[in-house]
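Chemist: Protein chains in written order, with our numbering: chain B, 1 to 97; chain A, 101 to 197; chain Z, 201 to 297; chain X, 301 to 397.
I should point out that these hints are in silico values taken from the structure, not numbers from a laboratory.
In this text, a Cβ means the ideal position worked out from N, Cα and C, and glycines have one as well.
Possibly wrong hints are sitting among the right ones.
Said to hold, decoys possible - A short, non-exhaustive set of chain X residues, derived as facing chain B with CB atoms under 10 Å:
1. K314
2. V326
3. P340
4. M341
5. A376
6. K395
4 protein chains.
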Amino acid sequence: MSVLIHFSIFPLDKGKSVSPYVARAVKIIRESGLKSKLGPMGTSIEGEWDEVITLVGRCLEDLKKDCDRVYTTITADYRKGVSGRIESKVKSVEKKL
Amino acid sequence: MSVLIHFSIFPLDKGKSVSPYVARAVKIIRESGLKSKLGPMGTSIEGEWDEVITLVGRCLEDLKKDCDRVYTTITADYRKGVSGRIESKVKSVEKKL
Amino acid sequence: MSVLIHFSIFPLDKGKSVSPYVARAVKIIRESGLKSKLGPMGTSIEGEWDEVITLVGRCLEDLKKDCDRVYTTITADYRKGVSGRIESKVKSVEKKL
Amino acid sequence: MSVLIHFSIFPLDKGKSVSPYVARAVKIIRESGLKSKLGPMGTSIEGEWDEVITLVGRCLEDLKKDCDRVYTTITADYRKGVSGRIESKVKSVEKKL
Chain B
1 MSVLIHFSIF PLDKGKSVSP YVARAVKIIR ESGLKSKLGP MGTSIEGEWD EVITLVGRCL
61 EDLKKDCDRV YTTITADYRK GVSGRIESKV KSVEKKL
Chain A
101 MSVLIHFSIF PLDKGKSVSP YVARAVKIIR ESGLKSKLGP MGTSIEGEWD EVITLVGRCL
161 EDLKKDCDRV YTTITADYRK GVSGRIESKV KSVEKKL
Chain Z
201 MSVLIHFSIF PLDKGKSVSP YVARAVKIIR ESGLKSKLGP MGTSIEGEWD EVITLVGRCL
261 EDLKKDCDRV YTTITADYRK GVSGRIESKV KSVEKKL
Chain X
301 MSVLIHFSIF PLDKGKSVSP YVARAVKIIR ESGLKSKLGP MGTSIEGEWD EVITLVGRCL
361 EDLKKDCDRV YTTITADYRK GVSGRIESKV KSVEKKL
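One chain only, chain B, in its complex shape:
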């Protein structure tokens, strides 16, 4: 019943270097215990919907402490009865190349 999301978050009011803020979010994600993969444009996370979305909310809550404007993008892919997709989706594509 798990869902896989790609998630990015960054402030708009802190200038062009946003990696300190991204790092705070990534830290929260890693400490959550959910499976995740950091990529150049966001982090993929796998878990139950409530778990992953609570995690996104905690990242936003953290950035709100000192950021006046925060932008977030999420794409979510739910597939019934299949988990471990944070690994298997890439493998499934690679096998077909």
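Fit chains A, Z and X to the known structure of chain B by using the hints.
Modeler: Leaving out everything else, chains A, Z and X in the frame of chain B:
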């Protein structure tokens, strides 16, 4: 403290006509009482983060009843201390044209 | 053969008020002659893929003149043999509510 | 002047297993010579705007051959005067953890 999201949801396993499923989600959104605007590529919703994201979760929960794969996109814009942006953001841009 | 996109663009290095920059993009979109609808979280545009994506590129080109970092989100929905969807998609959902 | 995008593409009319179609897009991306990284929810690609967006268009063109409805998501991050970010962005965040 409100957040504004643009949200789309649709099944991947029901063929190319997905509007019956989109309509189910839009109905849930409208019955929530949150301010929303249906557009050609998704629905904009304004509210507290917990409110809007709980609503997204309820739409996903509903589609999961009979869909084996569901895709969701969300972009969220948080801006400190400003609400009513589902109306004011468009007006603010229109004034500058 | 037309495609429908939802498109947003904004700078990251200009502080929390980005509407002057959004307005420049919206102006370019409106002057293009393509069908578009401005919403709270972006603009929906309909046209041939090459037309809409060239337009997105022109918006980016314009913001690059004075912005050092620019973020863009695009979702695109292609459906064979159907046009006028910037109007008909919303109507199709509304009819089912 | 390079841009970094995260890109996903899939048909809506081919059922819940879309990896054969995703693989066709990934093949086109890899043969392009642009730097790319396949992830669980999409592919990150770095290059000039015209290069990356032409590549996205070629993937769409390919899927249109036998798909009646195709959905695409793109997030793009332009940063003036910095390239190699498909590697450096992750490193910059990792250093701050």
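Chemist: Does each hint fit the structure? Answer for all of them.
Modeler: Tested hints:
{"no.": "1", "hint": "K314", "in the structure": "violated, 14 Å"}
{"no.": "2", "hint": "V326", "in the structure": "holds, 6 Å"}
{"no.": "3", "hint": "P340", "in the structure": "holds, 5 Å"}
{"no.": "4", "hint": "M341", "in the structure": "holds, 4 Å"}
{"no.": "5", "hint": "A376", "in the structure": "holds, 9 Å"}
{"no.": "6", "hint": "K395", "in the structure": "holds, 8 Å"}
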